[in-house]
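In terms of our numbering, the sequence shown opens at residue 28 and continues consecutively.
Please note that the accuracy of each hint is not assured.
[What the hints assert, rightly or not] With a Cα cut of at most 25 Å, we get these calculated BS3-like pairs of lysine-lysine:
no.: 1; residue 1: Lys-837; residue 2: Lys-814
no.: 2; residue 1: Lys-841; residue 2: Lys-784
no.: 3; residue 1: Lys-754; residue 2: Lys-663
no.: 4; residue 1: Lys-878; residue 2: Lys-765
no.: 5; residue 1: Lys-213; residue 2: Lys-260
no.: 6; residue 1: Lys-287; residue 2: Lys-213
no.: 7; residue 1: Lys-240; residue 2: Lys-284
no.: 8; residue 1: Lys-754; residue 2: Lys-665
no.: 9; residue 1: Lys-885; residue 2: Lys-820
no.: 10; residue 1: Lys-814; residue 2: Lys-878
no.: 11; residue 1: Lys-239; residue 2: Lys-837
no.: 12; residue 1: Lys-784; residue 2: Lys-814
no.: 13; residue 1: Lys-287; residue 2: Lys-331
no.: 14; residue 1: Lys-754; residue 2: Lys-765
no.: 15; residue 1: Lys-213; residue 2: Lys-284
no.: 16; residue 1: Lys-239; residue 2: Lys-304
no.: 17; residue 1: Lys-284; residue 2: Lys-820
no.: 18; residue 1: Lys-240; residue 2: Lys-837
no.: 19; residue 1: Lys-754; residue 2: Lys-239
no.: 20; residue 1: Lys-754; residue 2: Lys-814
no.: 21; residue 1: Lys-665; residue 2: Lys-107
no.: 22; residue 1: Lys-784; residue 2: Lys-765
no.: 23; residue 1: Lys-754; residue 2: Lys-878
no.: 24; residue 1: Lys-244; residue 2: Lys-216
no.: 25; residue 1: Lys-216; residue 2: Lys-287
no.: 26; residue 1: Lys-754; residue 2: Lys-885
no.: 27; residue 1: Lys-216; residue 2: Lys-284
Source of the hints: derived by calculation from the structure; they are not laboratory data.
If you're wondering where the values come from, they're calculated on a predicted model, not measured in any experiment.
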Amino acid sequence: MSSVLSPQVHAELSQLLQALQSGDNNIRSQAEEHLANNWTNTQPEVLLMGLVEQIHGSTDTTTRSFASVIFRRIASKTRKAASGDQIELFLSISQEQAYAIREKLLEALGNETVNTVRNKVGDAVAELAREYSDNGQQWPELLGVLFTLSNSKDEGQRENAYRIFATTPGIIEKQHEDTVLSAFAKGFKDENVNVRLSAMEAFASFFRTISKKAQVKYYALIPEVLNILPPIKESQDSEDLTRALTALIDLAEVAPKMFKPLFRNLVAFSISVIQDKELSDQARQNSLELMATFADYAPGMCRKDPSFTADMITQCLSLMTDIGVDDDDAAEWNDSEDMEPEESDMNHVAGEHCMDRLANRLGGQTILAPTFGWLPRMMTSNAWRDRHAALMAISAISEGCRDLMVGELDKVLELVVPALRDPHPRVRWAGCNALGQMSTDFAGTMQENYHQIVLPAIIPVLESAEPRVQAHAAAALVNFCEAAQKEVLEPYLDGLLTLLFQILGSPRRYVQEQALSTIATVADSAEAAFSKYYDNLMPLLFGVLRQENDKELRLLRAKAMECATLIALAVGKERLRDDAMTLVQLLASIQGSITDADDPQAQYLMHCWGRMCRVLERDFIPFLPSVMPPLLEIAKAKADIQLLDDEEQAEAIQQEEGWELVPLKGKIIGIKTSTLDEKNIAIELLVVYAQVLEADFAPYVPDIMQNIAVPGLAFFFHDPVRVISAKLVPQLINSYKKAYGIPSNELTSLWEPTLEKILEVLTAEPAIETLAEMYHSFYESVEVMGKNCLSGKQMDAFIAAAQSALEDYKERVKERAEEAEENNREEGEEEDDDVLYAIEDDQALLAEMNKAFHCIFKNHGVDFLPAWGRLSATYDAFLKSTDPTQRQWGLCIMDDVLEFCGERSWEYNAFIIDPLAAGCR
Numbered sequence: 028m029s030s031v032l033s034p035q036v037h038a039e040l041s042q043l044l045q046a047l048q049s050g051d052n053n054i055r056s057q058a059e060e061h062l063a064n065n066w067t068n069t070q071p072e073v074l075l076m077g078l079v080e081q082i083h084g085s086t087d088t089t090t091r092s093f094a095s096v097i098f099r100r101i102a103s104k105t106r107k108a109a110s111g112d113q114i115e116l117f118l119s120i121s122q123e124q125a126y127a128i129r130e131k132l133l134e135a136l137g138n139e140t141v142n143t144v145r146n147k148v149g150d151a152v153a154e155l156a157r158e159y160s161d162n163g164q165q166w167p168e169l170l171g172v173l174f175t176l177s178n179s180k181d182e183g184q185r186e187n188a189y190r191i192f193a194t195t196p197g198i199i200e201k202q203h204e205d206t207v208l209s210a211f212a213k214g215f216k217d218e219n220v221n222v223r224l225s226a227m228e229a230f231a232s233f234f235r236t237i238s239k240k241a242q243v244k245y246y247a248l249i250p251e252v253l254n255i256l257p258p259i260k261e262s263q264d265s266e267d268l269t270r271a272l273t274a275l276i277d278l279a280e281v282a283p284k285m286f287k288p289l290f291r292n293l294v295a296f297s298i299s300v301i302q303d304k305e306l307s308d309q310a311r312q313n314s315l316e317l318m319a320t321f322a323d324y325a326p327g328m329c330r331k332d333p334s335f336t337a338d339m340i341t342q343c344l345s346l347m348t349d350i351g352v353d354d355d356d357a358a359e360w361n362d363s364e365d366m367e368p369e370e371s372d373m374n375h376v377a378g379e380h381c382m383d384r385l386a387n388r389l390g391g392q393t394i395l396a397p398t399f400g401w402l403p404r405m406m407t408s409n410a411w412r413d414r415h416a417a418l419m420a421i422s423a424i425s426e427g428c429r430d431l432m433v434g435e436l437d438k439v440l441e442l443v444v445p446a447l448r449d450p451h452p453r454v455r456w457a458g459c460n461a462l463g464q465m466s467t468d469f470a471g472t473m474q475e476n477y478h479q480i481v482l483p484a485i486i487p488v489l490e491s492a493e494p495r496v497q498a499h500a501a502a503a504l505v506n507f508c509e510a511a512q513k514e515v516l517e518p519y520l521d522g523l524l525t526l527l528f529q530i531l532g533s534p535r536r537y538v539q540e541q542a543l544s545t546i547a548t549v550a551d552s553a554e555a556a557f558s559k560y561y562d563n564l565m566p567l568l569f570g571v572l573r574q575e576n577d578k579e580l581r582l583l584r585a586k587a588m589e590c591a592t593l594i595a596l597a598v599g600k601e602r603l604r605d606d607a608m609t610l611v612q613l614l615a616s617i618q619g620s621i622t623d624a625d626d627p628q629a630q631y632l633m634h635c636w637g638r639m640c641r642v643l644e645r646d647f648i649p650f651l652p653s654v655m656p657p658l659l660e661i662a663k664a665k666a667d668i669q670l671l672d673d674e675e676q677a678e679a680i681q682q683e684e685g686w687e688l689v690p691l692k693g694k695i696i697g698i699k700t701s702t703l704d705e706k707n708i709a710i711e712l713l714v715v716y717a718q719v720l721e722a723d724f725a726p727y728v729p730d731i732m733q734n735i736a737v738p739g740l741a742f743f744f745h746d747p748v749r750v751i752s753a754k755l756v757p758q759l760i761n762s763y764k765k766a767y768g769i770p771s772n773e774l775t776s777l778w779e780p781t782l783e784k785i786l787e788v789l790t791a792e793p794a795i796e797t798l799a800e801m802y803h804s805f806y807e808s809v810e811v812m813g814k815n816c817l818s819g820k821q822m823d824a825f826i827a828a829a830q831s832a833l834e835d836y837k838e839r840v841k842e843r844a845e846e847a848e849e850n851n852r853e854e855g856e857e858e859d860d861d862v863l864y865a866i867e868d869d870q871a872l873l874a875e876m877n878k879a880f881h882c883i884f885k886n887h888g889v890d891f892l893p894a895w896g897r898l899s900a901t902y903d904a905f906l907k908s909t910d911p912t913q914r915q916w917g918l919c920i921m922d923d924v925l926e927f928c929g930e931r932s933w934e935y936n937a938f939i940i941d942p943l944a945a946g947c948r
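With the hints as constraints, model all of the structure from the sequences given.
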């Protein structure tokens, strides 16, 4: 195919491609600028044609490869089309040009002989295919070319065809199923392992795009898919095995039941991989992940397999002993200052996580017997790694097995408590970990019934010779004390606080920090009983807070602030006396010294100010002018979102903490979640200030309502921000009501636009759990405003929103019923947890809607009847439903009609009398 562009254009483009690959940052930056200004923005058709001709015609392998990468990057950039919409650059060029470029690109794909380059060309083809598919447009020539390549004599071409199918499965989903079946069947039996693996990956990707009904037609291919695995394992090729298992994990997530006929064989194979220490850790962990995925998505199938549970628990426990290699005496471990090392790829962590998932998905009835078949033996083993693994297993399963383990806590503690005196520090650490986890998972029971066993055992561990064990004992005490009543803690306070004060003098800063956190928690739980220790501790904390703002000491000072303010909250304003003002002035001084965005003191300070507001109440008002500006700035923060053009940018941003990457139409969106978390905390504190200060907070209310609370209701980047904004709204209305009274022009001018926005979000909120919070916000606000605060038009808008929500609810109920019928669940297989959670969310939504109706009837009586009457058919259906939640919902509404509408309620007697009588029976 002859060149369309002149040699001069190609010479210039070749030079540019060279510069873009330069090792010199300045040359590369200038080249990027030149590419954008002189090519991408001004002559994109020429650029894309030039690149495709370089891919097609250059004799240099590197040039062809790099031109493919740049082509893909440029083609996927967005620009404004004539219509004003944002559109991918390739789709914005003329159809004639696009056809010519596509033709050359497909020819290059067919002609390329170097595998690495061919893969890059394939990626460029896949990007164009995605653009056409996402925008509902056709690329008619593509499919024929790919099917031809999948039958090529060249194994590289066959592999590449499946690679493109894997990247853009949408292009084959509408094809005739026999053609697709045949293409995959052929790929699975290919003589070349890379082709077989690419076919597997394409099949897994394709499966995600088709409906459940369509999936059934492809179940017959599963034996051929699984036959790919044994030869790879026999060859001991860990990399290929990892790839194959990754594809299977994707399939197991989408349609686990299709593996049912061969599940026993697959379990045996997977266990053999996990056991095989000659294979890489990644391959073994992928095999473990595959089995855990089945537990997640098909727990019933796993329970029924005779060997699944016992084999998996044995392998998890075995992996959990793979710890502390080359550090038998734990010297290196104890010397480390890094309390949270990156261990997510370690075998012992994989084993722990898998145990946790098995417990949560299969339940105690299934996993406790095989687990405790091992644990007593492991606890008496001479190998410290066995004892460590047994304790970590107890930590991992206690949440999922709570219902059964809670009745056997005395026996579990008999295993765990002696570990706190173990000669090996890592076993003592694991013992602390188990007690800490159990204190959370069995909160209440552990504290009330077993404090006399747990506290005398764990408090002496604070005197351990090893700093890491000391710190972990203190951390476990946080978990225990958080859920303990002050009466339980009081007898232990002397001994506990003596040792905590002692380890405050540790040379290790992380021990000091943990000691402060633990003291803070003890103070929070002990409340007034902590007063006795106040005089010893508060001067120490003030000493820490007065130290210079050394970067190394920031977290310690932050913990000291937290501790001091929690103590202030525990002992109260009278006990604090002059120290209250000293503490507030110290906090103000620290706030003024913060200059770095990553200073941990800033986030701690927000909470500290909230606590001091609760302690000082009206005496806090003079500090608002210095506290509020930084808080409002954080609360007003916009979402920090970046569109990332390529994987390099994505990788760079992933290295930074506090970012979440979301794939979207071939691109990656980066969302800075740390900003959103801080925004959420800031709004939480505004709720505290409005609650505590009430009328005195009124000067800040209009700005907060207009610029934080109301926009926050529709802040769709972060659910928690919407939820906390919904909680803030009624508190702000209450502040204004207390300040100006009702009726007042000020309150009305705040209420009317706020109500309009609340009614709007009742129809727009996509998350069911959050929608329930919006209804909660609505009725709390109406309750604050009181009688006749809604006009007829506003009540109509509320009913329209409620009707829409109820129609959506009925649709979800119908879909769940259809899915249950379609799945035709076998006897004894309980409902999937996700379905149960969805039902719970719907029940919570109905409950909050119910309260909203109650509140309107209470404050508007018969005036609400005309709007409410539009839902009579829904109530009638609910009252006759077989679902008790729906009947209850209908009865509660009728009860409100009877209570608040007097004789007018007789108009609805046909709806009321029979259901009420039936309900009483």
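Taking only the CA atoms, is the gap from Lys-885 to Lys-820 under or equal to 25 Å? At roughly 18 Å apart (the allowed maximum being 25 Å), Lys-820 and Lys-885 satisfy the hint.
Decide if the proposed pair is consistent with the structure: Lys-784 and Lys-814, CA atoms, cutoff 25 Å inclusive. Holds - the C-alpha atoms of Lys-814 and Lys-784 are around 20 Å apart, at most 25 Å.
Within a Cα-Cα threshold of 25 Å, do Lys-754 and Lys-814 meet the stated pairing? 21 Å, holds
Given the hint that Lys-213 pairs with Lys-260, does the C-alpha gap stay at or below 25 Å? 21 Å, holds
Holds or violated: Lys-814 to Lys-878, with C-alpha atoms at most 25 Å apart: Answer holds: Lys-814 to Lys-878 is near 16 Å, not above 25 Å.
Are the Cα atoms of Lys-841 and Lys-784 separated by 25 Å or less? It is violated: about 30 Å lies between the C-alpha atoms, which goes past 25 Å.
Does Lys-754 pair with Lys-663 here, judged by a C-alpha cut-off of 25 Å? Given that 25 Å is the threshold and the Cα spacing comes to 16 Å, the pair holds.
Pair hint Lys-239 and Lys-304, alpha-carbon separation not exceeding 25 Å: 38 Å, violated
Quick one, are Lys-878 and Lys-765 close enough, alpha carbons at most 25 Å? Status holds; Cα separation ~24 Å.
Take a quick look at whether Lys-287 and Lys-213 sit within 25 Å of each other, Cα to Cα. Roughly 23 Å between the alpha carbons, so the hint for Lys-287 and Lys-213 holds.
Pair hint Lys-239 and Lys-837, alpha-carbon separation not exceeding 25 Å: Measuring from Cα to Cα gives roughly 22 Å; hence the hint holds.
If you draw a straight line from the CA of Lys-287 to the CA of Lys-331, is it 25 Å or shorter? OK: Lys-287 and Lys-331 at ~11 Å, within 25 Å.
Comparing the model with each numbered hint stated earlier shows that hints 1, 2, 16, 17 and 19 do not hold.
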